[in-house]
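Chain X with the ligands: place on chain C using the hints.
Those protein sequence lines, which keep their order, are chains C and X.
Here the first sequence is numbered in this note's numbering, starting from 38 and rising by one per residue.
Here the second sequence is numbered in this note's numbering, starting from -4 and rising by one per residue.
These aren't lab readings, by the way, just hints derived from the structure by calculation.
Honestly, I wouldn't trust all of these hints.
Calculated from the model, a selection of chain X residues having no Cβ within reach of chain C, i.e. all distances over 10 angstroms [said to hold, decoys possible]:
no.: 1; residue: Glu(-2)
no.: 2; residue: Gly32
no.: 3; residue: Ala43
no.: 4; residue: Ile46
no.: 5; residue: Lys47
no.: 6; residue: Thr54
no.: 7; residue: Lys68
no.: 8; residue: Ser77
no.: 9; residue: Asp82
no.: 10; residue: Glu88
no.: 11; residue: Leu115
no.: 12; residue: Ala160
no.: 13; residue: Gly175
no.: 14; residue: Leu216
Calculated cross-link-like contacts (lysine-lysine; reagent style DSBU-like; alpha-carbon spacing at most 30 angstroms) [said to hold, decoys possible]:
no.: 15; chain 1: X; residue 1: Lys202; chain 2: X; residue 2: Lys21
no.: 16; chain 1: C; residue 1: Lys47; chain 2: X; residue 2: Lys66
no.: 17; chain 1: C; residue 1: Lys47; chain 2: X; residue 2: Lys100
no.: 18; chain 1: X; residue 1: Lys105; chain 2: C; residue 2: Lys195
no.: 19; chain 1: X; residue 1: Lys20; chain 2: X; residue 2: Lys1
no.: 20; chain 1: X; residue 1: Lys186; chain 2: X; residue 2: Lys20
no.: 21; chain 1: X; residue 1: Lys68; chain 2: C; residue 2: Lys195
no.: 22; chain 1: X; residue 1: Lys174; chain 2: X; residue 2: Lys68
no.: 23; chain 1: X; residue 1: Lys202; chain 2: X; residue 2: Lys1
no.: 24; chain 1: C; residue 1: Lys55; chain 2: X; residue 2: Lys100
no.: 25; chain 1: X; residue 1: Lys199; chain 2: X; residue 2: Lys1
no.: 26; chain 1: X; residue 1: Lys124; chain 2: C; residue 2: Lys55
no.: 27; chain 1: X; residue 1: Lys212; chain 2: X; residue 2: Lys21
no.: 28; chain 1: C; residue 1: Lys195; chain 2: X; residue 2: Lys47
no.: 29; chain 1: X; residue 1: Lys9; chain 2: X; residue 2: Lys174
no.: 30; chain 1: X; residue 1: Lys0; chain 2: C; residue 2: Lys195
no.: 31; chain 1: C; residue 1: Lys47; chain 2: X; residue 2: Lys68
no.: 32; chain 1: C; residue 1: Lys47; chain 2: X; residue 2: Lys69
no.: 33; chain 1: X; residue 1: Lys105; chain 2: C; residue 2: Lys55
no.: 34; chain 1: X; residue 1: Lys0; chain 2: X; residue 2: Lys47
no.: 35; chain 1: C; residue 1: Lys57; chain 2: X; residue 2: Lys124
no.: 36; chain 1: X; residue 1: Lys105; chain 2: C; residue 2: Lys47
no.: 37; chain 1: C; residue 1: Lys47; chain 2: X; residue 2: Lys124
All C-beta atoms, glycine included, are put in the ideal place defined by N, C-alpha and C.
Chain residues, written in single-letter form:
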Amino acid sequence: MLRAALLLAKKDLLSELKTKQVLATMIIFAGLVILVFSFAFDPANNTTRAVIPGVIWVIIVFAGILGLNRSFISEQRNDTMHGLLIAPMEASSIFLGKFLANFSMIMIVELVSLPFLFLLFDFHILGYFPYFLLVLVIGSFGFISIGTFLAALSANSKSSEMLLPLLLFPVTSPILIGAVQATRIILTNIEKLSSAMAWIQLIAAYDVIFFVLCFILIDYVLEV
Amino acid sequence: MIEIKKLTKQADNKLILRGIDLSIKKGETVAILGPNGAGKSTLLKVLATLIKPSSGHVTINGYDLRKNQMKIKKMMGYLPHSSLLYDHYSPLENLVFFGNVYGIKNVEQKSIDLVREVGLSFFLHEPVKNFSRGMIQRIAIARAIIHEPPLLLLDEPHTGLDQGAINILNNVILSMKEKGTTTLMVTHDFKQATELCDRIIIIKNGKIVDDFRLEEKKLNLVSEKYQLQVEGVS
Ligand SMILES: Nc1ncnc2c1ncn2[C@@H]1O[C@H](COP(=O)(O)OP(=O)(O)OP(=O)(O)O)[C@@H](O)[C@H]1O
Ligand SMILES: [Mg+2]
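Chain C extracted, bound-state conformation (with noise of 0.2 angstroms):
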């Protein structure tokens, strides 16, 4: 099953390597975000340090929707989903493959774009960096698994690109509730780690859940 899987996600990314349309599209919009933010607020302003816990997950956010709408629609030129649902493998294979697909694309973009959003507005997070990759990453992770399991729910709708946002929100508000409160606390009042980590706990929890769900959930989903 992992076999399949890791097909899957690398047929995607090599074919994201040769178009290169989202990850474009998806690096571009974090750019752009970065740059309105940096033109709102003053990056020699203290009170800055606020809005770059919003800022990191809004890029997450929107970037990632970008790539989870087309990853399923993707698919459907010559009925390709066709050819992976005839072939000996699993549904939650599939799941699997475009989760990883995209949870690896999210992860250049925010490799790509965070570094630059700290370096304009002169942050240092050396410290407790592990912190700050943990929450990044866990919270990409509860994102892009519930993001991929109801891109392929609205696949088949004719509105897929507007139903996914309206269905997204709803269900994953939890893990982004607590991925900003986590960023914000390690990123300004480090201090208070302990409440950090109760946020990070109620993520990682939340993400277990609704991964097994969507992992089961899928064989439903995936029918022509």
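Just chain X with the ligands, lined up with the frame of chain C:
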């Protein structure tokens, strides 16, 4: 090989298949004829596990279509109307990907051989999106047979092919038949049907209206029977 009992399929309150009973033995090459909208493609989709039947019972090689999907998927090659190919991938990349999905050994070599067999080795590394319809169909055929399936489901495989490609396809079907492959072929081309198949099934309005063997390759017989059933010459 294939046993279909009282198969029905309903979509949007409309019965597309209304009670299909069919039994196909291993090694048979069966042509499915019928007018547009008769339900031929739908029948193949059900067999290909793409859509679930509304009622009825289907077993393929003794495996239940509902319960043993994985086993059935492994031994089935399906060529639908659309190509199932990734546009910005080359034929080689497409075939290697699907070959890997089916867990084939020596995928790369096998894919190169197949592309050569369908006569497109010159375009091995060109993206499929620049191909003509017939070229795409050739690669689509290669994709469907890459894992040497013992069961072939072909939906109008001859559309868009030039004479050379038709010969290649017919040779592929005949040589796979010698290896014991069972083939179900939907077609509107009586000539190909008579040449390739030893049994003809005519479907009309979601029902099998005629089912006969072709002992000699007589084109007239097929078109006569077809006209009788479909055009209602009584
Ligand atoms: N998903 C669907 N929902 C509703 N009706 C459908 C659906 N798919 C097919 N049909 C209907 O079922 C009928 C049979 O369709 P099918 O594609 O099986 O025909 P066909 O015999 O393959 O025709 P052709 O020779 O044109 O390929 C058609 O009337 C079509 O409108
Ligand atoms: Mg058809």
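- Message: Name the hints, by number, that the structure is in violation of.
- Response: The structure conflicts with hints 3, 4, 5, 7, 8, 9, 10, 18, 29 and 30, although it agrees with all the remaining ones.
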